[in-house]
Structures are given as C-alpha cells and as structure tokens.
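**Q** With chain A's structure known, arrange chains B and C on it following the hints.
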Amino acid sequence: MQEAILVEDLRVRYRSKKGKLVDAVQGLSFRVEPGEVVGFLGPNGAGKSSTLKALMGFVAPTSGTCEVFGLPAGSLEAKKRIGYLPEVAMYYPYLTPIETLVLYGELQGLRGRNLKEEAFQLLEVVGLRGSERKLNKNLSKGMLQRVGIAQSLLGKPDLLILDEVTSGLDPVGRKELRLLLKERQREGATLFFSSHELAEVDMLCDRILLINKGRMVEEREMAPLKDGLRNYSVTFTGPIPMHDLTQDMETLPDGSIQARFSDKQKLLSALNRVNESDGKLLDVVSREGSLEEYFIQTIEAA
Amino acid sequence: MKVTVYKALARGVLLESLRRKDLWVVAILGFLILVGASALGFFGVQGLQVFVKDLAVTVLGAFSTIVAVLTSTRMLPEEIKQRTLYPLLSRPISRLDLLVGKLLGAIVVTWMSFLILAALTALALAGFQVAFEPIMLQYMIAKMMGLGLVCALGLTFSVYMTPSAAATSALIFTFGSTIIVRALTSGYESATPAMQVVFKLLNAILPQFTLFDLGSRAANVGWSPVPLWVMGFLLGYWVLYTGGLLAISWARFQKKAI
Amino acid sequence: MRAWLLPLASAGAIAAVGWNTGEVAAIANPPIRRVNGADSDNSLAGQFQTSAVGHLWTYTEVYLQNGLKLRKMTGDEIREYKLDPTQNHGIPIIPTRRKDFRGIMGDVERAVTAWDPRQASHRNDPKQTMPLFRLMTWMDPFFVEAWTSGAMIINLGQTKETTARAKEFLLEGLRNNPDTVDIPNMYAMLCIRSDRDYTAAEKYLKLAIENGRKRSDALPEAEELAFQSAYRWLALVYRNTGQTSKMMEVAEEGLMHFPDDLVLPTTIRPSVAPPSGYKAPTGVKVRRK
Chain A
1 MQEAILVEDL
11 RVRYRSKKGK
21 LVDAVQGLSF
31 RVEPGEVVGF
41 LGPNGAGKSS
51 TLKALMGFVA
61 PTSGTCEVFG
71 LPAGSLEAKK
81 RIGYLPEVAM
91 YYPYLTPIET
101 LVLYGELQGL
111 RGRNLKEEAF
121 QLLEVVGLRG
131 SERKLNKNLS
141 KGMLQRVGIA
151 QSLLGKPDLL
161 ILDEVTSGLD
171 PVGRKELRLL
181 LKERQREGAT
191 LFFSSHELAE
201 VDMLCDRILL
211 INKGRMVEER
221 EMAPLKDGLR
231 NYSVTFTGPI
241 PMHDLTQDME
251 TLPDGSIQAR
261 FSDKQKLLSA
271 LNRVNESDGK
281 LLDVVSREGS
291 LEEYFIQTIE
301 AA
Chain B
303 MKVTVYKALA
313 RGVLLESLRR
323 KDLWVVAILG
333 FLILVGASAL
343 GFFGVQGLQV
353 FVKDLAVTVL
363 GAFSTIVAVL
373 TSTRMLPEEI
383 KQRTLYPLLS
393 RPISRLDLLV
403 GKLLGAIVVT
413 WMSFLILAAL
423 TALALAGFQV
433 AFEPIMLQYM
443 IAKMMGLGLV
453 CALGLTFSVY
463 MTPSAAATSA
473 LIFTFGSTII
483 VRALTSGYES
493 ATPAMQVVFK
503 LLNAILPQFT
513 LFDLGSRAAN
523 VGWSPVPLWV
533 MGFLLGYWVL
543 YTGGLLAISW
553 ARFQKKAI
Chain C
561 MRAWLLPLAS
571 AGAIAAVGWN
581 TGEVAAIANP
591 PIRRVNGADS
601 DNSLAGQFQT
611 SAVGHLWTYT
621 EVYLQNGLKL
631 RKMTGDEIRE
641 YKLDPTQNHG
651 IPIIPTRRKD
661 FRGIMGDVER
671 AVTAWDPRQA
681 SHRNDPKQTM
691 PLFRLMTWMD
701 PFFVEAWTSG
711 AMIINLGQTK
721 ETTARAKEFL
731 LEGLRNNPDT
741 VDIPNMYAML
751 CIRSDRDYTA
761 AEKYLKLAIE
771 NGRKRSDALP
781 EAEELAFQSA
791 YRWLALVYRN
801 TGQTSKMMEV
811 AEEGLMHFPD
821 DLVLPTTIRP
831 SVAPPSGYKA
841 PTGVKVRRK
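Chains as they are written, first to last, in the numbering used here: chain A, 1 to 302; chain B, 303 to 560; chain C, 561 to 849.
Chain A with its partners taken away, still in its complex shape (with noise of 0.2 angstroms):
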C-alpha cells in the first residue's frame, strides 16, 4: 500500500537574515502509513516546522525525497488529499468564520450549498456554534485555533498534518478534539502532527518520531513504549525469594518487602511466587510510565 507519507533524507538548508546558512533539517527519513497517527516531537528548533514545510511545498527540500501519497510534496494533487493546521492561527481578520470555510472550502475544489452546509457543521464539532458570523478579529485564540481545526477538516482530507494542534485550547477544547480526531482516524484519515503537549501525544499517538537538531533520534510505537515506562511494584510478606526478578528491593518500616518491577512477566513470576508460597500479597501497584522524562532523557542523550 501506498505510503501516507514518504520522506527520504531530507534536507533543507535556509539561509537566515544575517546571511548564514542554516541546516534546518538533515537527512531525515521516516515513513506514515495510511490510517496511522503518528507525533512529530522535538525540542523547539528541532526541525519540525521545517519538515511540516517542506511536505506542504511551502519550501522547497535542498534535497531528498518527499512525499504525499506517492505524489511529490507541494504539488496540487498532493494538496488535494491534504488538511493542513499551520502552528500559529492567523485567519483573515475581517473575514466571519462561515465566510473563511467557504474560501478555503471553495480554494479546495468543493462548491455551493454542499460546502455551506459543510461548513456550518464543521463550525458546530468543533464548538463555534452561534460564532459563525463574528469576524475573525473579534475571536479569542482559542476561538481561532477552532477554526483552523475545522478548514482543516474541510472536505474530509486523508492526511491531517496539524501544527501544535490543541494550541490556545481550554482542556475541554482539548478533549473534544482528540474525540474529533479519533472519529477521523476511524474513518480512514491519516494523522501527523507536532504537539509540545505530550499528554495530547500519550492519548492519540500509534508511533512517535522523535527529532532533534534536524536528525531523527527515535522512531518508536507508543504501545511498546508506555510498555516499557510503566513499572509495577509487589508488597509482601513472608520469607519469598525474588534476587532472581529483581534486585530493586526494599524493606517497609511494617517489616513488608516491595520488590519494584519494569517487566510485566516478572511482575507476574513474582505474584506467582507469592501465591505459591507461605507469604502474603498486600499490594500491587501499576505506575505509567512518565513520557515527559523520556523525551527529555532520550534528547539530552542525542
């Protein structure tokens, strides 16, 4: 099957206002399959922005390959197929939120009453109902970013590429949208977006692309990940071996013994034991894992 996205050693290289050359992305390559969601992290200046460009045609790649649906990034076909957020919301200001859907939805091909109607209900999800004839200037960021998210939906893209996409949101804002994009996703659309809001990520994420200084740093599947972060401690009694599963133990002032765990077969083993045993279990706890600590940890380690 078609990749959603393909990108193969990209590289793009600005030049800034002083006049110096800037590689802002170098070599990266990573792939999105069609129906995936997958987050697009790194710390600021990492490159991101520079990638979500260059899959629009916004710049042009220094070299390398990109692209959108087998479809050279930037090219109308591609665009046809494409919903895109840019990070910072900015609409024309003395444009209402209906008349902004229409010109975008109009731009993209779509027409008349069916793109009103589409518009209006966009409008509606994503909470702007009754701000549909407010212009733009007179709608708060949050607002805004609203009605990004909805001509980005516009015409039912199969590639979301959304930039810092709950920006400016209030945290039911936020809950909304993950509930929006996922409908999308079972719907069949593809997901790729950028957050500082790890949380977001955790909740919606099937594959994360870690990125730094314009090079890829990790590639990982979120469920194996949060696997691998969540730990497990077993509190008991009773004379029970565990060296074997753990060295990570330790004596409460009750006189118990907490054997602290990584791994779910050797939490497991351990509960094994315990049940085998003359001891007694008086707790199991399951603690996730903190994605925070990771992102940071695995950065500092690039």
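These are computed hints drawn from the structure, not numbers from a lab.
Here the structure is a predicted model, which is why all the values come from computation and not from measurement.
All C-beta atoms in this analysis are idealised placements derived from N, C-alpha and C, irrespective of residue type, glycine included.
The reader is advised that the hints may include incorrect statements.
The list that follows gives simulated cross-link-like pairs (lysine-lysine, BS3-like), each with its CA atoms no further than 27 angstroms apart [said to hold, decoys possible]:
| hint | chain 1 | residue 1 | chain 2 | residue 2 |
| --- | --- | --- | --- | --- |
| 1 | C | Lys-659 | B | Lys-502 |
| 2 | B | Lys-558 | A | Lys-213 |
| 3 | A | Lys-116 | B | Lys-502 |
| 4 | C | Lys-766 | C | Lys-720 |
| 5 | C | Lys-766 | B | Lys-502 |
| 6 | A | Lys-134 | B | Lys-502 |
| 7 | C | Lys-720 | B | Lys-502 |
With the Cβ distance kept under 8 angstroms, some of the chain A side facing chain B (calculated, not the full set) [unchecked claim]:
| hint | residue |
| --- | --- |
| 8 | Ile-82 |
| 9 | Leu-95 |
| 10 | Asn-231 |
**A** Structure of chains B and C alone, referenced to chain A:
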C-alpha cells in the same frame, strides 16, 4: 475551477477592504472634493467648465492611482506577515493562481474606489452644468485599464521589495511616466545611435501609463472621442503587460520560502 | 490605508476652507516677502511655492490653447520650418509621427492626448483661466502679475459688474502687496476707463508712483512698466481735471525717470485740446486754448 479560485480570492480581498472601511475613506475624500468644488463657486458658474473638468480628471487620476498602489503593494506582504498565506497555499492552488486571484481582488477594489470618486465628481460637475460626453466615458474606461496596470506593477514590486519601497517605486513609475516619456521623445533625435537603441528598449519595457490618460481630451472643449482601435490597443497592451508582470512576479514568488 | 490618506484628507479640507475664506492663507501660507524685486524666497517652501505658481502660470496658456501643450521650438526646428528666428515659436510637446521613434505607441499617445492643433484648435474663453489665477493668488499672494492678469480676465466683459469685481480683486491684491506699483496703477486705470472717477484714480496713481519711487532702483520689468504708466495716467488725470501745473510737475518727474517716454510729452502738449463737441465729465473744467 480556476475561475472559481480567482473569484474566491478576489472576493476575499474585496470583503476585507470593504470591512476595513478603506472605501469609506475614498468616499470621504470624494466628499471633500465636492466641498472644495463648491468653494470655487464665487466666480460664478459660467466659464468654469474647463477648470472643473481639468480638476476632476486630475484629482480622480491622482487619488485612484494612490489607492491602486497602496492596495496592490501591501497585499502579499501582509499575507506573509499575518501568516494567512499558509492556509491559502495549503489548498490545491498554485502560487500563480494566488497571484492572479490577489491581483483581481486589488483591481476590483481599485475600480470600486475609482467609480465612487467618479460618481461624486460627476455630481460636482453637474453642479457646474457640465454635461457628460462620450469622451468622458472613454476616459473612465481607459483610466480603469491604466489602474489595472498600476495594480499589476504594485504587486510585482511587492514580491521583490518591502511594502514601502514597492509603494514608492510604483508611485514614481506612475506619476513620473509622463516625464520619462517626454525625456525619451525629446532626447531621441539628439542622442547617439547607441543611446537611441537604449531609448527604444526603454520605451518598449517601461509601462506607458500616459497612454491610458485621456484627461486632456476629456477636460477641454471639442476633442473628439478616440477611435475604437485605440481602445482595443489599450486593452491589448494592458492584458499583455499585466501578463508579463505576473510572469515576473511568479518567477520570484514560486521560489520564495514562506 | 486610513493612516495614509488621512493627511491627504486633512490637506483637502484645509485647501477647501482656504479657498473659500482666504483667512487661512496667512496661517497656512507664511508670507514670503518679495523685497526689492527679488523673485522668491530661498527656503524650500518658498521655492515650492514659486515652482507651483510658475507651473500654474504656464498652465494658463494650456487652457487658452484648449489643452494643447507646447514647448519652445529649437533653433534647428525654426530653420526646418523656415520661421522667423527672431520670434519665439511653439510646437506640441508630443512629436509628429515622422519624428517619433515609438511607432504605434506614439500613434496611440497622439490619439489619446489633446495634441493635434488641427483637430480642435481654438482659443478658449480666457475666463476659463480665472480659477488658475485665483489659485495662484491663494498659493502666493505676493505674485503681483497674478492679481493684475486675474483682474484683466475678470473685466473682459467690461461691464459695471465685472469692473466692480475686478476692482475688488485688485484691492485684495493691494492689501497683500501694499508696496507694489502695478496693482494700484491698474486699479486707477479701471477707475478712469469705466467711471471717469479721476478722484479715486488720482489717489491710487499717487500711491503707485510713491511705491515706484521707493524701489525705483530695483523694480522688476512689469513694475517698471507700471511705474511709467502711472506717470502717464496721472498726467492725463491732471490734464482732464484742469490741474495744469500738477500735470507739468508729474510729467517732468516722469520724464526724469523715463527720458525716452513718448506719451508724456504728447499728453502735456498745450496744443492738445478736446474737440469742440467734447463734453467733459461733470465737475471737470474744459481747458481752453
């Protein structure tokens, strides 16, 4: 499809301009023209027709040119600065489509300003018992074509320069067009053969805004309307030149990282 | 855009008010004194004023020629067209087809511009230029020729009404230029020609001569001609009012300044007497031989 794209873009420019109340300012200026015109009345209405017509074409030409320059030179830089360009270009439209659509929008706004001013000026002229003649209609049509050319020039400059530099350059080219043309025609005979070649080149390349100004015929007495072939030539010149300017704009804009 | 056009709008408002009342002129237009016949102030504002007014002055000719813009012929052109080289000749600024290298673009410019004198050649009613003179006097109240030429244009019809308006215009000019010779001289001429008002004429001619005396060493050409004319007219006034001795005094003084003047000796010649049927204006004694 392309026509819809251009219409959508042009409509966006027009709506923004209307709601920003730019055209209100034009109307206020036109009203001031009326007030100023009424101040001339103390010499009596008789015998002022040439002056008021001359004043009308001068003021109309100057103000509408300024509107054209200011509208066309700030469109793209504002889009880039405000970052409204990203959601536009994320659509399946080419950068050339964007330029054409924006240019059409600038032309529509400029023509609307011109027509508002022309309507108010016509009211003032009616007060001086100046009848509307066919040459005046030709003046308006030619002027509108000229304003379209000004918009194209302003847009081209805005792709290559900062907005202020673009506006200044466009104003120099439009208001200085007469001086440049007169310098070329008067200096040609006494120039060396090499310089004559340069003069011919300049004449071919530089936009000839003087061709679109029928003001001297419209303001004075007894000048016949211009032949139809002249209006046809002006239309062709405008279309070709605008196409050339769009090509020059596109050459830079398509490579511009945004 | 409002930020850009607001200053223009304000300027337009000021212009409109200034046109109407004349009262703003002194505030918006700081006086640029023409001292001892100096043509203009050397400041930038003064030079702008002079240029703008100069442009309007030459533009009156464009109005009179129905929009045709002419330039002075070069020596080569005068020879080519076999014209009198001692005279100034004008030629349209847009060259003919024969002399134009621009091909069709030249043809188009000739078609869209008021170019060809054969097409609509006539002298426009000079009254059409009146607003230009009014503009000149507003932009530069010290431009004396604008006042005098404007008054001439106003009084083209030579009716009582036009004369009264012309005189009012000249009085305004005199208020702005109390030291000028030309304006009071012209005012006096109007008094004599239309009303035979020798009393008023005498007052203004004396003023003109007084002003001329003060600046006689540095009068511009127009003022000098007016100075000469003032002596002639005043001598005529005294002759027609029977004040012979004053007539002689004025004539002597005039001939002292203008020894080549041909009119003054004729005016004071004793043999010049009114014809027998001549009826003097009321109150004037006819001089008998």
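**Q** Run every hint past the structure and note whether it holds.
**A** A quick look at each hint next to the structure:
no.: 1; hint: C:Lys-659 / B:Lys-502; result: 14 angstroms, holds
no.: 2; hint: B:Lys-558 / A:Lys-213; result: 23 angstroms, holds
no.: 3; hint: A:Lys-116 / B:Lys-502; result: 54 angstroms, violated
no.: 4; hint: C:Lys-766 / C:Lys-720; result: 24 angstroms, holds
no.: 5; hint: C:Lys-766 / B:Lys-502; result: 62 angstroms, violated
no.: 6; hint: A:Lys-134 / B:Lys-502; result: 55 angstroms, violated
no.: 7; hint: C:Lys-720 / B:Lys-502; result: 58 angstroms, violated
no.: 8; hint: Ile-82; result: 7 angstroms, holds
no.: 9; hint: Leu-95; result: 6 angstroms, holds
no.: 10; hint: Asn-231; result: 42 angstroms, violated
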